[in-house]
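Trainee: Here is how the chains run, residue by residue.
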Amino acid sequence: MLLPLQQLFVTRLVITPMTIDKDTIPRIARLARLEIAPERQSALSEELASILSWVEQLNALDTSAVEPLASVTGHDLPLRDDIVTDGNDPDAVLSNAPEKTSNFFVVPKVVE
Amino acid sequence: MTKSVSPLVEGRTGPWEVIIGLEVHAQVSSQAKLFSGSSAAFGAGPNEHVSLVDAAMPGMLPVINRFCVEQAVRTGLGLNAEINLVSVFDRKNYFYADLPQGYQISQFKQPIVGEGSINITLSDGSSRDIGIERLHLEQDAGKSMHDQHPTKSFIDLNRSGVALMEIVSKPDMRSAEEAAAYVSKLRAILRFLGTCDGNMEQGSLRADCNVSVRRPGEPLGTRTETKNLNSIRFIAQAINSEVARQIEILEDGGTIDQETRLFDNATGQTRPMRSKEDAHDYRYFPDPDLLPLKLDAAWVDQIRDTLPELPDALRARLLNQYGLTPYDASLISEDRAVAAYYETAAAGQDAKIVANWMTVELFGALNKMGLDLADSPVKPEQLGKLVARITDGTISGRIAKDVFALMLESGADPDQVIEEKGFKQVSDTGAIEAMIDAVLADNADKVAEYRGGKDKLFGFFVGQVMKASQGQANPGVVNGLLKQKLDG
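Quick note, the sequences are listed as chains G and Y, same order.
Our numbering puts the last residue of the first sequence at 1098; the count rises by one with no breaks.
Our numbering puts the last residue of the second sequence at 553; the count rises by one with no breaks.
Excised from the complex, chain G in its bound form (with noise of 0.2 Å):
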């Protein structure tokens, strides 16, 4: 299902649509740890595929001679001096751990 907005720029396509084959929505699903039911797979897929088009749009636009932009405030990146200032508040970090035992989190067991 595309929100209006979308479906606008996906008519207004100057590229080959992209297409998304049928193993990349389980795998994606894996990797992010969601739970896709199989029969909303296709739907996904279609969805997905539309955006993708949508932002290849932007091929379309010579960049080589531009720099990348990595932000819109003209900031640069804060440093911070190596200064103890936090931590060793074991108890406000377990705080809202759903399991936990003598300061540790305790989880399912995940072992290598």
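Mixed in with the good hints, there may be bad ones.
[Said to hold, decoys possible] Distance condition first, Cα-Cα at most 25 Å in a straight line; then the derived SDA-like pairs of lysine to any residue:
(1) Y:Lys417 x Y:Leu431
(2) G:Lys1086 x Y:Gly108
(3) G:Lys1008 x Y:Arg348
(4) Y:Lys174 x G:Val1093
(5) G:Lys1086 x Y:Gln169
(6) Y:Lys532 x Y:Leu505
(7) Y:Lys548 x Y:Thr456
(8) Y:Lys217 x G:Gly1060
(9) Y:Lys359 x G:Thr1049
(10) Y:Lys174 x Y:Ala362
(11) G:Lys1086 x Y:Ser218
(12) Y:Lys217 x G:Thr1049
(13) Y:Lys157 x G:Ser1088
(14) Y:Lys359 x G:Glu1053
(15) G:Lys1086 x Y:Glu113
(16) Y:Lys157 x G:Glu1021
(17) G:Lys1095 x Y:Thr216
(18) Y:Lys208 x G:Glu1053
(19) Y:Lys466 x Y:Leu438
(20) G:Lys1008 x Y:Asn158
(21) Y:Lys208 x G:Ser1088
(22) Y:Lys359 x G:Ser1088
(23) Y:Lys157 x G:Arg1019
(24) Y:Lys157 x Y:Met210
[Unchecked claim] Computed footprint of chain G on chain Y, listed as stretches where at least three residues anywhere in the stretch have a Cβ under 8 Å from a Cβ of chain G:
(25) 88-99
(26) 102-116
(27) 155-167
(28) 170-184
(29) 440-447
(30) 531-538
Derived by calculation from the structure, the hints in this document are not laboratory data.
It should be emphasised that the depicted structure is a prediction, and the values quoted were computed from it without experimental measurement.
Glycine included, C-beta positions come from ideal geometry on N, C-alpha and C.
Keeping the supplied structure of chain G fixed, place chain Y upon it in accordance with the hints.
Mentor: Leaving out everything else, chain Y in the frame of chain G:
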């Protein structure tokens, strides 16, 4: 300096060439973490050195530690590497229980340091350059403990967010010995620079080893990566076992799977990680929470101006100033404390004999006693004085070992030990002559045999006289007098 040739490994069906590349993770010696103000110190109770940034609570933002940036630049300069005045932080995405963000902040396409090189010296005295591909800054993950509970893992985030320098070599190493020499040298450079303490037991320095084999001259084979080796001995063991495993598979007609493996300290073997096929799909992208890191060229120059004497320069100085062998010079230049001890001990003494005593006797003894050089009962001035007593003829080299053993026990001065134990070497020809006469009289039959042409008996006579003097006769004097008396 000779150039080493690639050592080959002989298989059942012919020789194989080993190709090794290393990724070393070196913890920056900083007070605070890379992007938060919590402590980076080792050994706190669980989750004590954790801020809400390190625990990846929603809305927390990273702010980079200037000191960590400076240490990365300093290390890059120490590795003769190019410093990139603009570098970018990326997110490396994967899920693991000890990675609360769900991604590691690292540098992918634009690292802070580019290509450099390290010169290594092998035990045969040959040396070669190993290329550095890059150095980048990244966060460490937390620590999982799997042995505390049958169905649960325990997570401690104290390491989460600690600053690491990942130093990636080019695939330039050809044997476990070269890999070990590379890590030793890299560790020495880091310690001289003071950018990483190099403490492998505490995990401040860990290596991932990429290993493949090929027939000489053929294209590269498929590599495996053995992760998280925390000692130089384990690195060598893991490489050797991996090389043997790969050659065995290939010679049996099999193929190598590109995979991540783990090293088992107990067996000395590697085994595959229970890998997921997606393990390497990290979906890197620039971290939107961090702007590009821009360095001022003048600041980089300022750091360059404060670099200390590094192992290569120190080694060259030891070679020139003291005339040491390349191997001794490498050994002594590996650690600044070792070099300082040596230079104090060697001041005014025979520098080569001091080097020999230090690398053989002193290191051997400290090793046996489980002591660091800093805790040595024998101080450098005392070792120098002991060597002085050998070269001025007060004691023989053999007696010096006894004196040294007593010095190790008591921490006493060599002169005091020599005086108290009456170790002074006898160079008085009259006394030695008397001993020789007695030995010759007691062994009249052997004297006859010697004079009849059995030259080898000369050593026997020397031994007898030394024994009669309880080792204190000057061997040079004994030799000279014996010759006169037997041959004269």
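Trainee: Where does the structure disagree with the numbered hints, that is, which hint numbers, in rising order?
Mentor: Violated hints (numbers, rising): 4, 8, 12, 13, 18, 22, 28, 29 and 30; every other hint is consistent with the structure.
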